[in-house]
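J.: Listed below are the residues making up each chain.
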Amino acid sequence: MLRQNWWKILCVILLLYTFVAGFLGPVPARPILNETIRNYYFHIAMWFSMMILFITSLVYSIKYLRTNNHIFDIYALEYAKTGIVYGCLGLATGSAWAGFTWGAFWSNDPKQLGAVVALLIYLAYLVLRNSMTDVDKRARIGAVYNVFAFAMLFPTIWIIPRLVESLHPGGAGNPAINADGRIRIIFWPGALPGWTLLAVWITTLRIRLQLLAEQRLH
Amino acid sequence: MGGWTRHIWTLFKKDLLLEVRQQYTFYGVLLYVASTIFVLYLSMGQPEADVWKGLFWMIQLFICVNAVAKSFVQEGRGRLLYFYSIAGARDFILSKLLFNALLMLLMSLVSLAIFMLMLGNPLAHPLSFLLLSCLGGISLSLVFTFLAAIAARAQQGAALMAILGFPLIIPQLLLLNRASTIAFQDVLQAGLAGMIGLITALDLMIIALAVVLFPFLWKD
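Protein chains in written order, with this note's numbering: chain A, 1 to 218; chain B, 219 to 438.
Since the hints were made in silico from the structure, they are not lab data.
Built from N, CA and C at the ideal position, the CB exists for glycine as well.
A few chain B residues that don't get close to chain A, going by computed Cβ distances all over 10 Å: (1) 248; (2) 259; (3) 260; (4) 266; (5) 346; (6) 348.
Partial list, computed: chain B residues near chain A (C-beta under 7 Å): (7) 372; (8) 385; (9) 431; (10) 434.
Looking at chain B on its own, in the form it has when it is part of the complex (with noise of 0.2 Å):
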């Protein structure tokens, strides 16, 4: 192993660490999804499949919101300093957008049960839909992630994250929804491998950004 996939690998199993010791985020957001879902139930009984569907990518997006806003504010500044003597920024950004992924994967799978057994289950495909909706949440959480750390630069919280995050996300969202559509329809259509395509060769390119781009935004 070479030494940055072992900076990566360290710093990935101290937040790993410091989730299971602490047990905020997991649990935190856990009762966010199932709280929110409820709401959603009480409200709406079992929507048809397009509000279902809709609903189920505006969830995620909220969801992802709350997961990932925590991921810099928790470092302090010694902290930073600290992990930025040791480590380097690109490995930092890098085990930080591998923890949040993996995060919101077990988010995303949480709340597609969740959905599930509250507001019915109008899937005509579900297993590609399972496949999109970790592909989507890890899209989000990509983005999110980078987004989490201008914020917190910028001192501020979850509030400006939504603010830069919500336009930027839209084009992704409109992507992952017409796949989605494409999970509804009992005849399963060509196209679906095109879009995953793209959805992922976009999940590349913001991981590029965000090696390129993290370095500036960390010196001080």
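Chain A with its partners taken away, still in its complex shape (with noise of 0.2 Å):
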């Protein structure tokens, strides 16, 4: 039981320790920031789960087509779907922040905008799919779709925030806010591993589900 589930045990113990220590802990001060700063723990977070589920649903597509095991196609799905549902999330969280620090819920800053553009790439994967009856040619038509989908997407929404100016920190006379070790210390070891583990956690039990009702169907 422990050798099984001793990562869901973890993901218990790292978002605890992401809330207390996020909410309580010391961070720095800064002008027009100020405490919305401790957002940097699930704004933040958000996206670079985001980025790894759609990651991780990209390489069961490609495995996928590689073996046709059936599997691996309700894999890619269901990580693209909890990376939706992530991406909502990071939306709505730092569409928050923004209107408390930038004075505007909504900018057109170029990462808005490619963020609103991925996860519309991934609800058309799923429409996608929808539009087929045949398991089969749903999977492998689905899984060539995410492998191009990802692969034109996303080099262009890496490249595109830096040939235009942001608001988002990281860029040139805007310095990363995780440059302080305050903000570190909870982040790389606390909030980015915690909800990660989290996602992974909803969708193996999503996938659990998906297998329970086609065992049924045979």
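Since each chain sits alone in its own frame, please combine them into the complex, following the hints.
T.: In structure tokens, the structure reads:
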């Protein structure tokens, strides 16, 4: 039991650490940001985990194309779905943060646009899958689209924000927040793995549900 | 000439011949281009440079969806099987990419000409914009050719292609729009070459992806 579920316990501990230390711990005093800087543990972690989830989905799509094993397709789908949920949460936390610091909930920042485009693409992936009834075909065409979309989108959303000015920190004249040690000690060992493990947990539950539903059909 | 170049050339010639005989896609899209731009002219007159540029790329997008949509639907099941047995998937997709790129190149030139005729000419550097619109047309055609293949395999029409394609094309349109902003300014800025390089690199990546992924799509 412990050997199998240790990471779930770790996930709960890490998230508890993130919440307790994130809300009560010391943070650097920055103008404009003030105490909202604590959102770093939630907003950035959401995006980071979303990227990890979409990359995992991509890997399973490639695995499906190589092996034609139906289970990999379910993995790819469910990781993409959890990625979409995290993306929405990242958008919501980011929008709230922007509302209190940049003065507007939405300001057409290149990173905001990239985020929306990524979500639209993965929603289109779900629509494409639902347009087909044949299970085999749906899996294969879905996997092809997943690989194509990922390979087209992510280089561009990593490149474009570097070409244009952004309100987000990390660019020129706007130092990244995680340069501060007090933030780093909570984000890297706590928030990021904690939220990612939670996402994996949610996804594995959904995959098990899907597999059970399929067994009932046969 | 190697075997595969001959295959691609033959398949390309077949598409071209079909087009010349049937004269459907070319004139159909031509009419679409002319009437869309005419409607724009009627409703907006001659807009400012910013609006002009935005409209131009949006119209390119819609032209591309219409021009490319038919390229896989017209091949019936039996014919696809025949091509598969004589040529192979890679040659097939490459010939389609080539044909659609040429078609879109032509359409970009035509629509640029009609745009300048009807909506005025706010361009400061017509030549560099001409180059950009050719490059843009080709980039759009590459992406939508692959999406047309996906939509055709899913047995869906142009609607699914648009659903899949519009989010995917946004980064590229942003790049094109940004690059063409440079062509509108009086002083030619540095950075245009970099943008063009970036767009070309993206195009090469799309071709590579299409070549790698299309065989999976093709299999039944």
